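Peer 1: Okay, here's what each chain looks like letter by letter:
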Amino acid sequence: MRPAAGRLSWYVGGVLFVFVTCALVLLVGQADLPRGRVLVEAFDRLTPGTIESGLEPIQKSIVWNLRLPRIVLGLTVGAALATAGATFQGVFRNPLADPYFLGVAAGGGFGATIAFVNDWGDGRGLLDGVQVAAFIGALVAVALTWTLGAIGDRRQSTTTLILAGVAVASFFTALQTYLQQRNTEDIREIYVWFLGGLTTQGWSEVIQSAPLALVCIGLLLLAGRTLDVLGVGDDEAGMLGLSVVRTRLLLIVIAALLTATAVAVSGLIAFVGLIVPHTVRLIFGHSYRVVLPMSVLIGASFLVLCDVAARTVGNASEIPIGVVTAFFGAPFFVVILRTANR
Amino acid sequence: MTAMAIRARGLGVTVKKTRLLADVDLDIAAGEWLSIIGPNGAGKSTLLRALAGALRATGSVEIDGRPLEDLTRRERGRMVAWVPQSPTIPVGMRVFDYVLLGRTPHLGPLAPERAEDLDAATAAIEKLDLGHLADRHLDTLSGGELQRAMVGRALAQESPVLLLDEPTSALDLGHQQEVLELLERLRSTGERTIITTMHDLTLAGSFADRLVLLACGEVVEQGSAKQVLTEENLAKYYGARVRVIHEDGRVLVTPELGRSM
Numbered sequence: 003m004r005p006a007a008g009r010l011s012w013y014v015g016g017v018l019f020v021f022v023t024c025a026l027v028l029l030v031g032q033a034d035l036p037r038g039r040v041l042v043e044a045f046d047r048l049t050p051g052t053i054e055s056g057l058e059p060i061q062k063s064i065v066w067n068l069r070l071p072r073i074v075l076g077l078t079v080g081a082a083l084a085t086a087g088a089t090f091q092g093v094f095r096n097p098l099a100d101p102y103f104l105g106v107a108a109g110g111g112f113g114a115t116i117a118f119v120n121d122w123g124d125g126r127g128l129l130d131g132v133q134v135a136a137f138i139g140a141l142v143a144v145a146l147t148w149t150l151g152a153i154g155d156r157r158q159s160t161t162t163l164i165l166a167g168v169a170v171a172s173f174f175t176a177l178q179t180y181l182q183q184r185n186t187e188d189i190r191e192i193y194v195w196f197l198g199g200l201t202t203q204g205w206s207e208v209i210q211s212a213p214l215a216l217v218c219i220g221l222l223l224l225a226g227r228t229l230d231v232l233g234v235g236d237d238e239a240g241m242l243g244l245s246v247v248r249t250r251l252l253l254i255v256i257a258a259l260l261t262a263t264a265v266a267v268s269g270l271i272a273f274v275g276l277i278v279p280h281t282v283r284l285i286f287g288h289s290y291r292v293v294l295p296m297s298v299l300i301g302a303s304f305l306v307l308c309d310v311a312a313r314t315v316g317n318a319s320e321i322p323i324g325v326v327t328a329f330f331g332a333p334f335f336v337v338i339l340r341t342a343n344r
Numbered sequence: 048m049t050a051m052a053i054r055a056r057g058l059g060v061t062v063k064k065t066r067l068l069a070d071v072d073l074d075i076a077a078g079e080w081l082s083i084i085g086p087n088g089a090g091k092s093t094l095l096r097a098l099a100g101a102l103r104a105t106g107s108v109e110i111d112g113r114p115l116e117d118l119t120r121r122e123r124g125r126m127v128a129w130v131p132q133s134p135t136i137p138v139g140m141r142v143f144d145y146v147l148l149g150r151t152p153h154l155g156p157l158a159p160e161r162a163e164d165l166d167a168a169t170a171a172i173e174k175l176d177l178g179h180l181a182d183r184h185l186d187t188l189s190g191g192e193l194q195r196a197m198v199g200r201a202l203a204q205e206s207p208v209l210l211l212d213e214p215t216s217a218l219d220l221g222h223q224q225e226v227l228e229l230l231e232r233l234r235s236t237g238e239r240t241i242i243t244t245m246h247d248l249t250l251a252g253s254f255a256d257r258l259v260l261l262a263c264g265e266v267v268e269q270g271s272a273k274q275v276l277t278e279e280n281l282a283k284y285y286g287a288r289v290r291v292i293h294e295d296g297r298v299l300v301t302p303e304l305g306r307s308m
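If you're matching them up, the sequences are chains E and G in order. This note's numbering numbers the first residue of the first sequence as 3 and each following residue consecutively. This note's numbering numbers the first residue of the second sequence as 48 and each following residue consecutively.
It should be emphasised that the hints constitute simulated quantities derived from the structure, not laboratory data. Just so you know, not all the hints are guaranteed correct.
Unchecked claim - Simulated crosslink set (EDC-like; lysine to aspartate or glutamate; CA at most 20 angstroms straight-line):
id, chain 1, residue 1, chain 2, residue 2
1, G, Lys-273, G, Asp-256
2, E, Lys-62, E, Asp-34
3, G, Lys-64, E, Asp-34
4, G, Lys-63, E, Asp-155
5, E, Lys-62, E, Asp-46
6, G, Lys-63, G, Glu-79
7, G, Lys-174, G, Asp-247
8, G, Lys-174, G, Glu-231
9, G, Lys-63, E, Asp-121
What the hints assert, rightly or not - Here are some chain G residues the structure puts well away from chain E; computed CB gaps all over 10 angstroms:
id, residue
10, Val-138
11, Ala-168
12, Thr-236
Values in this document were obtained by computation on a predicted structure and should not be read as measured data. The beta carbon of each residue, even a glycine, is placed where N, CA and C say it ideally should be.
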């Protein structure tokens with residue numbers, strides 16, 4: 003008998019799915035570029051050798067500076083949200099947990115609002131004020147939640163932490179709303195940020211988010227067995243030799259850092275972190291050894307696909323990506339739910 | 048693996064100013080089977096958890112001469128396995144994976160299972176006749192099958208001390224007997240010291256070497272089934288009118304019929 007583990011074919015299939023998704027999405031855009039050459043150009047740029055694609059310099063720039071960074075950002079944010087969501091669901095043994103749990107969203111939103119009303123930036127570019135403030139706000143909120151939970155309950159049960167998260171989120175939302183009402187001239191910018199989006203300026207958002215996200219995802223991928231152990235409850239996990247409070251803190255820190263990284267560059271994109279892990283569970287099983295890696299792959303491709311819909315469905319203006327993730331994600335999830343329970 | 052002795056001195060548990068357990072002294076010999084009995088709310092599960100180190104208690108517990116508080120969590124996990132009365136059941140987990148979780152204290156924090164871990168889990172599954180259920184999800188099992196899966200996890204843990212909280216309460220007669228006989232075999236090979244809490248006094252008296260009767264968090268009687276299971280004791284501490292029949296070292300506790308209060 004063998005422990006639960008993903009079949010190689012699932013992972014190979016998942017990786018192929020990501021590549022095919024990226025290749026197809028690379029061909030979609032307002033500029034009408036020769037398709038074969040776009041793919042050759044991307045291949046040329048991403049591999050060590052040199053192949054001449056035959057694209058004009060401006061066309062090359064569209065591929066390299068517009069389309070590719072946006073795809074890579076979509077992969078990063080999608081993988082980050084799905085992995086963080088799966089982790090929070092495991093740590094809290096709560097199927098409703100998502101990456102914005104524990105006040106991450108409210109804290110990030112408050113940080114971003116502070117930055118917008120003080121004109122610290124527009125949410126783009128390398129180390130932009132809005133991104134930094136959103137990142138810090140998200141982490142401050144989680145730290146506050148953890149501290150409150152620890153004061154309220156020495157054993158730091160998951161219920162206490164969840165309630166502390168609700169309190170912290172309400173508090174930051176109150177602050178954020180107050181600040182926003184006092185600065186109505188910034189409401190539009192703030193509103194757009196809250197709906198989330200993958201706007202890029204060259205590669206700077208990718209450079210900001212991808213390295214930290216990769217490290218966090220890598221660490222969480224190692225924690226699959228640990229999350230399975232946490233599934234038997236705090237007392238029993240403790241008797242199996244796990245230091246429950248310390249493990250939980252470590253996993254929350256990594257998942258919160260990962261979420262904050264995504265929030266900083268893309269605002270709040272609802273649904274991905276909740277639905278992707280559940281979809282993965284329904285298709286591939288419940289062990290976190292499988293849920294985590296498959297969530298990385300499915301989350302990454304799902305967000306890239308939603309982004310292409312966000313860019314193209316609304317003709318001239320972009321639809322907020324959060325609207326797309328929910329619009330396509332919800333019915334898709336219902337279908338999966340129905341077929342899996344049959 | 049050889050069984051280990053347990054020694055508790057002055058064990059007490061107080062939660063929110065309520066005293067659940069007071070000044071319990073216990074000596075359990077290596078390889079002994081001790082059963083904790085007592086009426087509802089007497090502190091049976093609390094005593095078991097205190098012996099496992101699963102809750103904060105005053106006093107001391109030593110396992111194989113080593114104080115519990117000196118052990119790391121993993122060391123404790125390699126020495127003591129605990130099967131709670133009402134466990135948290137992870138949805139969608141396969142029985143085999145659940146039993147395999149028992150190997151956790153033998154593994155580094157991030158290490159995968161080795162061949163010997165898979166062997167230990169497989170052996171536990173076979174011992175409990177769970178082979179045909181190995182791929183089933185825990186949340187699809189009957190109460191009795193689930194209880195066996197939990198005992199299976201504890202066996203895979205390969206710890207010399209086995210603490211079981213009401214191990215037979217969800218089982219039908221046949222499976223009760225099966226699990227208790229398995230525990231008896233484990234104990235008789237000198238591999239394990241076993242402490243159980245039990246509601247069923249007939250089973251407790253028939254299988255355990257020694258009984259400890261708790262009432263209101265205190266040990267009020269301990270010794271052989273003959274010494275502890277007396278009609279007077281059960282009337283006094285359980286408020287029950289029973290007949291106790293001792294025969295050939297076996298015991299039968301049956302309610303007194305025919306008179307209503």
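Peer 1: Would you mind marking each hint as holding or not holding in the structure?
Peer 2: Status of each hint after checking the structure:
no., hint, in the structure
1, Lys-273/G - Asp-256/G, "holds (11 angstroms)"
2, Lys-62/E - Asp-34/E, "holds (12 angstroms)"
3, Lys-64/G - Asp-34/E, "violated (76 angstroms)"
4, Lys-63/G - Asp-155/E, "holds (13 angstroms)"
5, Lys-62/E - Asp-46/E, "holds (11 angstroms)"
6, Lys-63/G - Glu-79/G, "violated (34 angstroms)"
7, Lys-174/G - Asp-247/G, "violated (24 angstroms)"
8, Lys-174/G - Glu-231/G, "holds (13 angstroms)"
9, Lys-63/G - Asp-121/E, "violated (52 angstroms)"
10, Val-138, "violated (6 angstroms)"
11, Ala-168, "violated (7 angstroms)"
12, Thr-236, "holds (23 angstroms)"
Checked against the numbered hints listed earlier, the structure breaks hints 3, 6, 7, 9, 10 and 11; every other hint is satisfied.
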